[in-house]
Amino acid sequence: MSIIIKPIGQLKAYINGEKEASIDGAGLTINEALTELGIPSLLVALVMVNDRQASKDYCLQDGDQVLIMSVLGGG
Amino acid sequence: MNGYGGSILRVDLTSGKVSKQPTPAEVAQKFIGGRGFGAYFLYTEVPAHADPLGPENKLIVSSGPLSGLMVPGAGKCDWTTKSPLTGGYASSSLGGHFTAEMRYAGIDSIIFEGISARPVYLVIDDDKIQLLDAASYWGRGTIEVEVALKEKHGEDFQVAVIGPGGENGVLFACINHDYGREAGRGGVGTVMGAKGLKAIVIRGTKSIPVADMDEYRKAGMALYRACIEAEGLKPWQTYGTTIVTSWCDEVGALPTRNFSAGSFEGGSKIYGAVMRDEIVITDKGCFGCPCPCGKYSHMKRYGTYVEGPEYETIGMLGSNVGLADIQAVAQANLLCDDLGIDTISAGGVIGWAMECFEKGILTTKDTDGLELRFGNTEAVFKLIEMIAYRKGLGALLAQGVKRAAQQVGKGSDKFAIHVKGMEQSAYATHNATAMLLAYMTCDVGAHHNRSWAITYDLQVGRDLVVPEKVARIIWLQDFRPMFDVLGSCRLQWVELGIDRDLYVPVLAAITGVHRTWKDLEEVGARIWNLTRMFWARENEGFGREWDLPATRFYEDPPTTGVTAGQITKLEDVQRLLDMYYEQRGWSENGLPTPETLERLGLRSMIAA
Amino acid sequence: MRLYADSAKCCGCRSCLVACSLNLFTENNPRKAALRIVPHFPEPGVYEVKVCTQCGECAEVCPTGAIQLNERGAYHVVADLCDLCGACESVCPEGVMFVRAELAEHSWKCDLCGGCVQVCGTAALWIADEKTN
Numbered sequence: 001m002s003i004i005i006k007p008i009g010q011l012k013a014y015i016n017g018e019k020e021a022s023i024d025g026a027g028l029t030i031n032e033a034l035t036e037l038g039i040p041s042l043l044v045a046l047v048m049v050n051d052r053q054a055s056k057d058y059c060l061q062d063g064d065q066v067l068i069m070s071v072l073g074g075g
Numbered sequence: 001m002n003g004y005g006g007s008i009l010r011v012d013l014t015s016g017k018v019s020k021q022p023t024p025a026e027v028a029q030k031f032i033g034g035r036g037f038g039a040y041f042l043y044t045e046v047p048a049h050a051d052p053l054g055p056e057n058k059l060i061v062s063s064g065p066l067s068g069l070m071v072p073g074a075g076k077c078d079w080t081t082k083s084p085l086t087g088g089y090a091s092s093s094l095g096g097h098f099t100a101e102m103r104y105a106g107i108d109s110i111i112f113e114g115i116s117a118r119p120v121y122l123v124i125d126d127d128k129i130q131l132l133d134a135a136s137y138w139g140r141g142t143i144e145v146e147v148a149l150k151e152k153h154g155e156d157f158q159v160a161v162i163g164p165g166g167e168n169g170v171l172f173a174c175i176n177h178d179y180g181r182e183a184g185r186g187g188v189g190t191v192m193g194a195k196g197l198k199a200i201v202i203r204g205t206k207s208i209p210v211a212d213m214d215e216y217r218k219a220g221m222a223l224y225r226a227c228i229e230a231e232g233l234k235p236w237q238t239y240g241t242t243i244v245t246s247w248c249d250e251v252g253a254l255p256t257r258n259f260s261a262g263s264f265e266g267g268s269k270i271y272g273a274v275m276r277d278e279i280v281i282t283d284k285g286c287f288g289c290p291c292p293c294g295k296y297s298h299m300k301r302y303g304t305y306v307e308g309p310e311y312e313t314i315g316m317l318g319s320n321v322g323l324a325d326i327q328a329v330a331q332a333n334l335l336c337d338d339l340g341i342d343t344i345s346a347g348g349v350i351g352w353a354m355e356c357f358e359k360g361i362l363t364t365k366d367t368d369g370l371e372l373r374f375g376n377t378e379a380v381f382k383l384i385e386m387i388a389y390r391k392g393l394g395a396l397l398a399q400g401v402k403r404a405a406q407q408v409g410k411g412s413d414k415f416a417i418h419v420k421g422m423e424q425s426a427y428a429t430h431n432a433t434a435m436l437l438a439y440m441t442c443d444v445g446a447h448h449n450r451s452w453a454i455t456y457d458l459q460v461g462r463d464l465v466v467p468e469k470v471a472r473i474i475w476l477q478d479f480r481p482m483f484d485v486l487g488s489c490r491l492q493w494v495e496l497g498i499d500r501d502l503y504v505p506v507l508a509a510i511t512g513v514h515r516t517w518k519d520l521e522e523v524g525a526r527i528w529n530l531t532r533m534f535w536a537r538e539n540e541g542f543g544r545e546w547d548l549p550a551t552r553f554y555e556d557p558p559t560t561g562v563t564a565g566q567i568t569k570l571e572d573v574q575r576l577l578d579m580y581y582e583q584r585g586w587s588e589n590g591l592p593t594p595e596t597l598e599r600l601g602l603r604s605m606i607a608a
Numbered sequence: 001m002r003l004y005a006d007s008a009k010c011c012g013c014r015s016c017l018v019a020c021s022l023n024l025f026t027e028n029n030p031r032k033a034a035l036r037i038v039p040h041f042p043e044p045g046v047y048e049v050k051v052c053t054q055c056g057e058c059a060e061v062c063p064t065g066a067i068q069l070n071e072r073g074a075y076h077v078v079a080d081l082c083d084l085c086g087a088c089e090s091v092c093p094e095g096v097m098f099v100r101a102e103l104a105e106h107s108w109k110c111d112l113c114g115g116c117v118q119v120c121g122t123a124a125l126w127i128a129d130e131k132t133n
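Residue numbers (the working numbering), protein chains in the order written: chain W, 1 to 75; chain B, 1 to 608; chain X, 1 to 133.
If you are wondering where the hints come from, they were derived from the structure by calculation, not from laboratory data. Hints are supplied without guarantee of correctness; some may be wrong.
Dumping the calculated DSS-like pairs for lysine-lysine here, alpha-carbon to alpha-carbon at most 30 angstroms [stated by the list, open to error]: (1) B:Lys206 with X:Lys50; (2) W:Lys6 with B:Lys269; (3) B:Lys269 with X:Lys9.
To spell it out: a stretch of chain B is covered by chain X in this simulated footprint if at least three of its residues, at any positions, have a beta carbon under 8 angstroms from a beta carbon of chain X; those stretches are [what the hints assert, rightly or not]: (4) 25 to 33; (5) 64 to 76; (6) 200 to 207; (7) 226 to 234; (8) 279 to 285.
All values derive from a computational prediction rather than experimental measurement. Cβ atoms here follow ideal geometry from the backbone N, Cα and C, with glycine treated the same way.
Using the sequences and the hints given, assemble the complete structure.
Set out below in structure tokens:
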């Protein structure tokens, strides 16, 4: 089950500046997927799955569109 | 002058006289506009040691060169005064549409002076300016008064209005506008109330001239395109600042039970996604904004509506007071808005009162029977009202947490979470040294918006105490507030990550003066040092002691949550200040040296 | 072709109004724009957007023939031919025909320049063919 993960902004640095990364997401939580991609979970402020905020415990499903963001500047 | 409304409007509330002067070119050159004008007029026109609630204090509202133009987020004005809460510099930013209307009326700053013998409100209709009797509005909530004033004068007028909080002298009263935007912090609403000024109603129908029309249109469009094409646009539009709630909880930055911890057991009930699902009905934007962060909400349980809650309010009137209920937080938000008090300071002082109650320092005898336990929704609602009307315990809390703790004693000052008398905003800093320094050295007191650095702390090591962290905070302090000077929102850069160099050509095309970000940051440093000198002038013995954080952050590690057991050492706090003063060009006690003042072109102003 | 608006997506920012006045008058003045945003606050808490639907009623009633089709197929005001009689304003079903003598010497309306669409961050505005929309 291939899942596409799109990091926004500075998080791209963790996937060599690419726009997106694809992983075999079968049964993985978001946190586990981040570990696999080498992206520090603590820096990921927001996870959107199919345009909606999801928790990092969310279990990835086939066809999920995942966007991850850090908060550069805050309030 | 291109890029300026052209006039400074003076309103002498004592005599009732209104007058206009041309905006001074040399002030525009050195201080640019917005917050820069505010700082200039505050320092040069308010006499030393003026009573903040007296006739000598002034309330200055200023738009900036970008306000009202085709620039993303060009909807900000700055309100500056001597703070009745802190006794120092107050500067509060207001969004919505007020600044644009100032510009269409040809006004760069309005300076309110003196005190009116009876309640009045100011009406500006292009060049027709009058002070009218506000007796029938005094005492009423901000929402209904905005409705009434628009009905009376016209729906196309913009309104800024205070509530009972400002009228009754709550030291952290705010100014409301557009049904849910505030100039929140530092008691700007208190000063407005002390002056007897209920509201400002404004309409302008003139056009704003710019230096190079073609270049401005090109550069303005480029900025809009950058925002609209930003990858993070959709998430930001969907959640606004509530984007960070769950993450702050995760990293230990969510203020919980009076900042006794940084994670909240009930956190998931107040996350952004839950809020969106349960209450949000409209994305509401300020003037010119393509990425509206405002979330207009309908609380079905209470049958009410509010713009919000924004992250700060969720932190301070949610987790900080133990409320795991987004509708209750939204309702508390509405009560504060309508009564006209700052949600952040309200949450700070209520959290403190609750901790006092839990520790037996305050009892039901002091609270008229109210059980001030964390999580008691009714207590939060009741206290907000008591504060606004200074009734019972509200009279104590209305003075802010620093004074309240001084009066109550019994060690309660140890958990009064403030810097310089301003309640800390919604980031717990038990172990985040850059953000802690940000709060310590912020120019108005413990507010976050000058130099937000939490991701940075996590990236480089949250407990690290190194010169680079200090340099980062200083850079952010010189840079971010420049948006307040330009009269535009910074969140397009902050949240969407657009290239800030896109602002350079549009600013040059508007004003005819080319300024790089380096030039702008120099103005930022100038303003920063000027307002530091204002604190020193107004407060005997001002210095390092005033920059210390709440004791909790070096004495009282959380016992629960993600940062359990973590705390910053006092010696590291002092080391941060040592490095900060050195890098700023200040003395060991934290005052700008003569050389620094000279370098920034402030020597003659300070000497005067 | 005409301009469409989805009021539910409007956030009330008024960027469109400034872009419009720049196109029509080369001025920064939302009061000289050819679309309207009507806020309904505090309740029900929504914005309403009124745009020109290119219905042509204004052109029909104009006694001087000042309202004509432009190269984009949109009705627009030929300034020299307008005498500010106001007939167009009274028939416009959307209230987006503007006769304001204190602001301009001729009436004005949407000429389908697309500037508003370019600055709208919430995709509340778009231009499309009437048949395919």
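Tested hints:
1. Between Lys206 (chain B) and Lys50 (chain X) the CA atoms are separated by roughly 23 angstroms; this keeps the pair inside 30 angstroms, and the hint holds.
2. In summary, the hint linking Lys6 (chain W) to Lys269 (chain B) is supported, as the alpha carbons are separated by about 27 angstroms, within the 30 angstroms threshold.
3. With a CA separation close to 27 angstroms, the supplied pair Lys269 (chain B) and Lys9 (chain X) stays within the 30 angstroms bound.
4. Residues of the segment 25 to 33 of chain B with a Cβ under 8 angstroms from some Cβ of chain X number 0, which does not satisfy the need for three, so the listed coverage is violated.
5. Using a Cβ-Cβ cut-off of 8 angstroms, 5 residues of the segment 64 to 76 of chain B lie near chain X, which meets the minimum of three, so the contact claim holds.
6. Counting residues of the segment 200 to 207 of chain B whose beta carbon lies closer than 8 angstroms to any beta carbon of chain X gives 3, which meets the minimum of three for the stated coverage.
7. With 3 residues carrying a beta carbon less than 8 angstroms from a beta carbon of chain X, the segment 226 to 234 of chain B meets the three-residue requirement, and the given coverage holds.
8. Evaluation of the coverage hint for the segment 279 to 285 of chain B: fulfilled, as 5 residues show C-beta separations to chain X shorter than 8 angstroms, against a requirement of three.
Hint check: a violation occurs at hint 4 only; the rest are consistent with the structure.
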